[in-house]
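Protein chains: 2
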Amino acid sequence: MQVPSPSAREAASMYGTAVAVFLVILVAALQGSAPTESPFPFHIPLDPEGTLELSWNVSYAQETVYFQLLVRELKAGILFGMSDRGELENADLVVLWTDGDGAYFGDAWSDQKGQVHLDSQQDYQLLRAQRTPEGLYLLFKRPFGTCDPNDYLIEDGTVHLVYGLLEEPLRSLEAINTSGLHTGLQRVQLLKPNISQPALPADTLTMEIRAPDVLIPGQETTYWCYISELPAGFPRHHIVMYEPIITGGNEALVHHMEVFQCAAEFESVPHFSGPCDSKMKPERLNYCRHVLAAWALGAKAFYYPEETGLAFGGPGSSRFLRLEVHYHNPLMIKGRRDSSGIRLYYTATLRRFDAGIMELGLVYTPVMAIPPQETAFVLTGYCTDKCTQLALPPSGIHIFASQLHTHLTGRKVVTVLARDGREREIVNRDNHYSPHFQEIRMLKKVVSVHPGDVLITSCTYNTEDRRLATVGGFGILEEMCVNYVHYYPQTRLELCKSAVDPGFLQKYFHLVNRFNSEEVCTCPQASVPEQFASVPWNSFNREVLKALYGFAPVSMHCNKSSAVRFQGEWDRQPLPEVVSRLEEPTPHCPASQAQRPAGPTVLSIGGGKG
Amino acid sequence: MQVPSPSAREAASMYGTAVAVFLVILVAALQGSAPTESPFPFHIPLDPEGTLELSWNVSYAQETVYFQLLVRELKAGILFGMSDRGELENADLVVLWTDGDGAYFGDAWSDQKGQVHLDSQQDYQLLRAQRTPEGLYLLFKRPFGTCDPNDYLIEDGTVHLVYGLLEEPLRSLEAINTSGLHTGLQRVQLLKPNISQPALPADTLTMEIRAPDVLIPGQETTYWCYISELPAGFPRHHIVMYEPIITGGNEALVHHMEVFQCAAEFESVPHFSGPCDSKMKPERLNYCRHVLAAWALGAKAFYYPEETGLAFGGPGSSRFLRLEVHYHNPLMIKGRRDSSGIRLYYTATLRRFDAGIMELGLVYTPVMAIPPQETAFVLTGYCTDKCTQLALPPSGIHIFASQLHTHLTGRKVVTVLARDGREREIVNRDNHYSPHFQEIRMLKKVVSVHPGDVLITSCTYNTEDRRLATVGGFGILEEMCVNYVHYYPQTRLELCKSAVDPGFLQKYFHLVNRFNSEEVCTCPQASVPEQFASVPWNSFNREVLKALYGFAPVSMHCNKSSAVRFQGEWDRQPLPEVVSRLEEPTPHCPASQAQRPAGPTVLSIGGGKG
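Top line first, the protein sequences correspond to chains A and B. Residues in the first sequence are numbered from 204 upward in steps of one, following this note's numbering. Residues in the second sequence are numbered from 204 upward in steps of one, following this note's numbering.
Read the hints as simulated data drawn from the structure, not as lab findings. Treat the hints loosely; a few may be bogus.
Pair ranges (Cβ atoms, derived) [unchecked claim]: (1) Gly655(B) with Gly305(A): 52 to 60 Å; (2) Asp314(B) with Leu593(A): 41 to 49 Å; (3) Asp314(B) with Gln592(A): 38 to 46 Å; (4) Glu292(A) with Pro756(B): 37 to 45 Å; (5) Gly383(B) with Pro788(A): 52 to 60 Å; (6) Ser720(B) with Leu593(A): 51 to 59 Å; (7) Gly383(B) with Val649(A): 53 to 61 Å; (8) Pro352(A) with Asp314(B): 16 to 24 Å; (9) Glu292(B) with Ser323(A): 25 to 33 Å; (10) Pro352(A) with Glu276(B): 39 to 47 Å; (11) Pro352(B) with Glu290(A): 55 to 63 Å; (12) Asn719(B) with Glu722(A): 23 to 31 Å.
Here are a few chain B residues that sit away from chain A, every Cβ distance over 12 Å (derived from the structure) [stated by the list, open to error]: (13) Asp351; (14) Thr552; (15) Lys589.
Even for Gly, the Cβ is constructed at its ideal location relative to N, Cα and C.
Full structure from sequences and hints, please.
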């Protein structure tokens with residue numbers, strides 16, 4: 204981010220005052236009716252200073268998002284919008300700007316060079332502009348899809364919001380130099396599911412898991428670890444809901460939080476409160492990995508479906524919990540204190556079903572690898588019909604939430620349910636997945652999985668910045684492709700994942716040797732990562748690896764825990780056959796073009812301080 | 204095609220009269236100005252009866268096609284439009300219809316089931332409707348591209364026109380049952396190049412090559428062969444133009460015609476006039492393959508650029524010419540006589556340059572094969588920098604016309620010019636190529652090829668109806684991928700084509716053996732077609748074959764004639780590297796939506812015979 208020189212800042216501030224003068228309290232009458240109760244239930248700060256604050260609501264009936272943007276310190280205008288991965292290039296924007304005389308609101312887009320253009324089709328529609336002591340409130344709406352090729356399609360999953368602050372009046376949008384602006388991005392799930400919150404039982408108790416009085420380090424990224432403890436003899440309960448507790452003023456700094464339960468085999472875990480990467484951190488904290496609760500920026504309370512709850516406490520489970528708080532502090536603010544955490548709502552009246560968490564996707568093994576310099580390489584992991592047949596109850600299980608997981612090169616993740624060779628349903632999909640934004644998401648619709656069903660999890664990776672192949676594994680520079688699905692009733696199936704058959708991978712390395720003048724090390728003492736590192740990545744070796752992964756049999760992990768398999772033959776299993784794919788949903792275009800304004804909306808031509 | 208029962212016909216005829224009553228002479232004022240001189244230079248009959256006749260013109264400035272459709276016998280209305288390959292499903296249509304009261308003209312489209320819908324965006328615009336003694340003339344226009352996803356994009360190359368005759372009034376377009384209509388298709392190059400015709404020399408002579416008084420057989424398809432002879436001692440001339448001569452009344456029957464020169468090594472060729480597949484046809488006619496002229500339905504006169512002509516006559520060339528006429532007679536009309544042919548315009552004053560014809564694409568060899576059940580498999584042939592470096596003059600050659608050629612499974616053909624690893628220019632492209640419509644097409648813009656340039660010819664095949672692999676070769680069930688380019692000045696380079704290195708193909712067959720349980724015959728006595736026939740076509744073998752063709756070195760034919768290579772090493776040549784591709788041109792959307800009507804145009808509400 205660039206900061207304008209002081210003199211430019213001064214000038215901008217003068218202009219800012221001028222613009223404010225032009226804004227009147229009510230610009231356009233409310234067009235269409237926004238959802239009535241709690242008009243903007245979702246909130247997120249856009250920038251770390253909290254200058255821009257976004258609230259929004261979703262109308263699934265209208266397929267429209269209603270935005271309310273609070274601009275605390277308006278200078279010459281703002282840019283706000285969405286783009287594939289948070290770039291200011293190829294972004295879909297609304298711009299509020301002034302030419303020094305009037306103030307305007309318009310739908311715009313930026314090309315691949317970041318040049319901003321007014322959109323010939325105006326799909327962001329201003330509903331109201333209101334000055335208050337807090338700042339300027341802009342209320343506007345946008346359909347999910349606009350059928351305008353310059354526009355972003357608002358989909359389920361992560362949306363990368365972008366913003367920019369205009370410091371000086373503009374003759375035209377083309378005069379905006381996005382590289383010279385104060386800009387930033389914020390990731391959020393815009394299309395929050397529209398599910399009703401089950402009522403909490405009368406005997407609900409709460410417990411706050413928070414690290415008291417943390418001095419947030421003055422560095423961009425901190426993961427803070429804190430160990431807390433359930434009371435001795437705490438019996439088995441069901442967590443039925445949890446919600447974030449954010450220390451006031453730190454809303455833009457607390458990026459995500461998770462509560463983990465430690466492994467039951469340790470009688471005790473030492474107390475600790477400090478950065479998770481601290482040398483002082485007791486080694487035992489690494490065994491606190493069973494997720495109890497997870498929250499990320501923009502998320503609200505997480506409710507378990509009324510027939511289920513997440514068991515904790517009681518014999519056979521650890522009394523120790525680890526809270527992890529990710530502080531995102533790009534301005535490196537120092538001296539800020541924080542006591543954020545998660546409030547668990549739990550009941551001793553156990554609900555009908557225990558909730559469970561199952562891991563779908565790829566086994567953590569180097570046999571699944573991504574060649575370097577790929578922009579969109581797809582790896583797929585299977586939970587086969589044979590495994591679900593064996594491990595799921597006859598009435599099936601019901602997935603109600605999902606957390607997608609990859610390491611740094613992950614760009615998209617999707618899990619599809621197939622039955623009888625036909626894709627039936629998307630379990631969860633994120634076309635703009637970011638490894639920096641992994642939250643547990645409630646599904647819009649509970650997905651039931653029956654014995655014999657297949658679950659196919661595909662991850663798309665970008666390895667443009669890698670020089671060597673990226674192999675599967677635990678390391679941060681290795682990759683994973685995982686969907687943690689939250690479901691009920693709990694079963695003994697904890698892992699249902701696959702990886703290519705290692706024998707077929709060796710055939711691949713032999714083939715690479717036959718077709719290429721360079722030798723690939725296929726000697727028995729070479730490890731798979733070494734073999735991958737010696738592959739010359741020409742088009743043939745890339746394409747054949749893709750073909751191999753799409754054809755070769757797989758080794759299945761159909762496991763009760765990470766080490767214990769269900770009984771049966773799980774090696775050299777045929778890939779599930781899928782004869783019909785789900786069609787990509789085509790977005791509805793806004794029904795009538797008549798409602799849309801033909802050009803930017805003029806905010807005012809009047810004078811006098813508003 | 205279905206013919207309605209007599210009673211339905213009678214009813215339809217009554218309705219027809221009713222509709223005619225509603226049509227008035229001038230419906231809409233001429234909107235925008237159509238090109239002035241010879242408003243509709245291009246003509247084509249749509250149906251074999253000649254009931255529908257299309258004339259058109261192209262405005263490249265407006266990126267718009269102006270259509271004039273003559274409907275000789277109007278019943279309850281007509282459908283006319285365009286689709287990918289001539290289907291009435293997924294077609295972009297205009298419909299003229301009546302509901303019994305009024306008559307309407309509207310932009311419509313058909314879905315994948317052939318169901319017709321009125322288009323929410325009206326891009327066909329009616330300019331005039333006029334009743335004359337000949338029939339009803341409809342004048343309308345359509346931009347090349349409309350940015351409406353339901354619309355067809357009018358591109359260079361073949362366009363499949365479709366039509367249907369409505370026999371009865373309709374409540375709504377949704378009531379149209381396309382499978383019950385009298386329908387058909389006609390292929391045409393809509394976007395004729397806008398090039399000026401060079402003036403003919405003062406000493407131009409003409410010669411008519413036509414088969415006199417042929418009794419057109421009463422069968423759908425006939426190729427008629429006729430041998431004619433140049434006068435003894437006919438000296439070397441330049442053909443500077445040629446045009447079709449179509450016997451009046453047979454315009455819808457004569458599909459295409461070609462004039463070939465016989466091989467010079469035969470002193471004489473027996474005279475013959477009869478079907479080309481007749482048992483009586485002398486074997487020697489098979490040696491008459493050097494193209495002098497080619498015409499297809501909808502084409503006009505072919506002019507050589509003014510600095511060049513096609514040499515014929517004189518020593519070293521045969522005096523014998525073979526005329527081939529393709530009669531397309533789907534109604535199996537009997538007893539019709541025809542004397543159609545081609546009129547050559549030639550001059551004894553030789554022009555500066557001899558024109559030449561060069562063959563680009565793939566060598567006719569089974570090593571290039573298409574797996575069965577593919578919807579769009581691409582094979583690519585190269586004319587490498589090494590060959591053009593050796594064979595082209597320093598000032599290069601200039602390609603002014605092109606004839607694309609595949610056998611039955613060809614669906615698209617394109618030749619691209621690359622220089623220094625970057626695609627520079629499309630030589631010729633047909634995204635709706637049909638093996639049933641192979642005409643020599645003038646290029647919109649002459650393409651100059653310099654020594655060191657690369658010419659890349661790609662053909663896309665559809666083998667959904669094949670059970671075994673389709674290999675390259677001469678047979679009609681084998682495939683070709685050829686672009687005959689017409690250029691000047693003539694060089695000794697006649698063939699510049701490639702095929703995959705046979706050694707690498709054998710590595711492929713070995714690999715298929717290693718990866719599959721079924722055995723592929725790789726024994727030395729097996730032929731390549733036999734080897735391909737034994738490949739089990741799973742996804743892996745398909746993908747690896749694709750990867751092989753995109754990676755393995757090629758064997759080049761850089762030949763003076765089909766048998767004589769230029770000197771040099773032409774085996775195991777590396778594939779030309781292409782680091783940057785040409786971007787697909789994005790069609791301009793019609794600038795203003797205001798001009799377009801919002802719904803169908805009402806033709807009239809008046810009464811009284813027009």
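Hints, verified against the model:
no.: 1; hint: Gly655(B) with Gly305(A): 52 to 60 Å; result: holds (57 Å)
no.: 2; hint: Asp314(B) with Leu593(A): 41 to 49 Å; result: holds (43 Å)
no.: 3; hint: Asp314(B) with Gln592(A): 38 to 46 Å; result: holds (39 Å)
no.: 4; hint: Glu292(A) with Pro756(B): 37 to 45 Å; result: holds (39 Å)
no.: 5; hint: Gly383(B) with Pro788(A): 52 to 60 Å; result: violated (33 Å)
no.: 6; hint: Ser720(B) with Leu593(A): 51 to 59 Å; result: violated (26 Å)
no.: 7; hint: Gly383(B) with Val649(A): 53 to 61 Å; result: violated (45 Å)
no.: 8; hint: Pro352(A) with Asp314(B): 16 to 24 Å; result: holds (22 Å)
no.: 9; hint: Glu292(B) with Ser323(A): 25 to 33 Å; result: holds (32 Å)
no.: 10; hint: Pro352(A) with Glu276(B): 39 to 47 Å; result: holds (43 Å)
no.: 11; hint: Pro352(B) with Glu290(A): 55 to 63 Å; result: violated (26 Å)
no.: 12; hint: Asn719(B) with Glu722(A): 23 to 31 Å; result: holds (25 Å)
no.: 13; hint: Asp351; result: violated (9 Å)
no.: 14; hint: Thr552; result: holds (53 Å)
no.: 15; hint: Lys589; result: holds (20 Å)
In terms of the numbered hints stated before, the structure departs from hints 5, 6, 7, 11, 13, listed from lowest to highest.
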